[in-house]
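Each chain, letter by letter, is given below.
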Amino acid sequence: DQQVKQNSPSLSVQEGRISILNCDYTNSMFDYFLWYKKYPAEGPTFLISISSIKDKNEDGRFTVFLNKSAKHLSLHIVPSQPGDSAVYFCAARDYGQNFVFGPGTRLSVLP
Amino acid sequence: DAGVTQSPTHLIKTRGQHVTLRCSPISGHKSVSWYQQVLGQGPQFIFQYYEKEERGRGNFPDRFSARQFPNYSSELNVNALLLGDSALYLCASSLVSPTGQETQYFGPGTRLLVL
Chain A
1 DQQVKQNSPS
11 LSVQEGRISI
21 LNCDYTNSMF
31 DYFLWYKKYP
41 AEGPTFLISI
51 SSIKDKNEDG
61 RFTVFLNKSA
71 KHLSLHIVPS
81 QPGDSAVYFC
91 AARDYGQNFV
101 FGPGTRLSVL
111 P
Chain B
1001 DAGVTQSPTH
1011 LIKTRGQHVT
1021 LRCSPISGHK
1031 SVSWYQQVLG
1041 QGPQFIFQYY
1051 EKEERGRGNF
1061 PDRFSARQFP
1071 NYSSELNVNA
1081 LLLGDSALYL
1091 CASSLVSPTG
1101 QETQYFGPGT
1111 RLLVL
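Protein chains in written order, with the numbering used here: chain A, 1 to 111; chain B, 1001 to 1115.
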């Protein structure tokens, strides 16, 4: 049973446009969510997080939105740059427990 | 500042052998977690250690074990290796904030190939 789902294995976006990566979860006890970016041959790099008491968190070009009633979060990247091309993982945590990762979405930003 | 470091970077073993993977956390981080990532999937949680005590264990067989040392570095041991243990093994260290929020920072991983 996948508690964290990323239903789009891949996404292609034109440089300068918005990238929207989606993530759905099933465990209503998750209280903290994170997005990681991973380049080949490197470990995941932390991008941005959001607590369940918020519905939006913004950091530069990256914004994460959380819809608790729908158990859905999304990562918006505006404007997208070729260097953003990577695999993006959504992760969630049940307080006091451990992190659960989604399977990832491969983003390709085309010049 | 040095990030999370892992050694070795690559490793080739044969079925039935034993392997030890090592991790040094970011300075000041007292928690270390281990993950297994197979191709096409997200990292799967194996263990978390905090202050040298096991804090959590994922759904992995007893062939997998770990420990944390007084300097907060950690080892992951896998006995009786199977072909299916071939994966990227990731170590992450974290610092829990007073609000309870925790961000894990990952090392580059050790790629294990079991033949």
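Since the hints were made in silico from the structure, they are not lab data.
Just so you know, these numbers come straight off a predicted model, no measurement behind them.
Wrong hints could be hidden among the right ones.
Label-pair restraints from in silico Cβ distances [unchecked claim]:
(1) A:Glu15 with B:Gly1040: 25 to 35 Å
(2) B:Leu1115 with A:Asp55: 32 to 42 Å
(3) A:Gln14 with B:Ser1007: 23 to 33 Å
(4) A:Asp59 with B:Leu1082: 33 to 43 Å
(5) A:Asp55 with B:Asn1077: 38 to 48 Å
(6) A:Lys54 with B:Ser1027: 41 to 51 Å
Just a sample of chain B residues kept apart from chain A, beta carbon distances all over 10 Å, derived [unchecked claim]:
(7) Val1004
(8) Phe1064
(9) Arg1067
(10) Asn1077
A virtual CB, placed ideally from N, CA and C, is assigned to each residue, including glycine.
We went through each hint and held it up to the structure:
| no. | hint | verdict |
| --- | --- | --- |
| 1 | A:Glu15 with B:Gly1040: 25 to 35 Å | holds (26 Å) |
| 2 | B:Leu1115 with A:Asp55: 32 to 42 Å | violated (49 Å) |
| 3 | A:Gln14 with B:Ser1007: 23 to 33 Å | violated (41 Å) |
| 4 | A:Asp59 with B:Leu1082: 33 to 43 Å | holds (41 Å) |
| 5 | A:Asp55 with B:Asn1077: 38 to 48 Å | holds (43 Å) |
| 6 | A:Lys54 with B:Ser1027: 41 to 51 Å | violated (30 Å) |
| 7 | Val1004 | violated (7 Å) |
| 8 | Phe1064 | holds (15 Å) |
| 9 | Arg1067 | holds (18 Å) |
| 10 | Asn1077 | holds (19 Å) |
Of the numbered hints given earlier, the model fails hints 2, 3, 6 and 7; all others are met.
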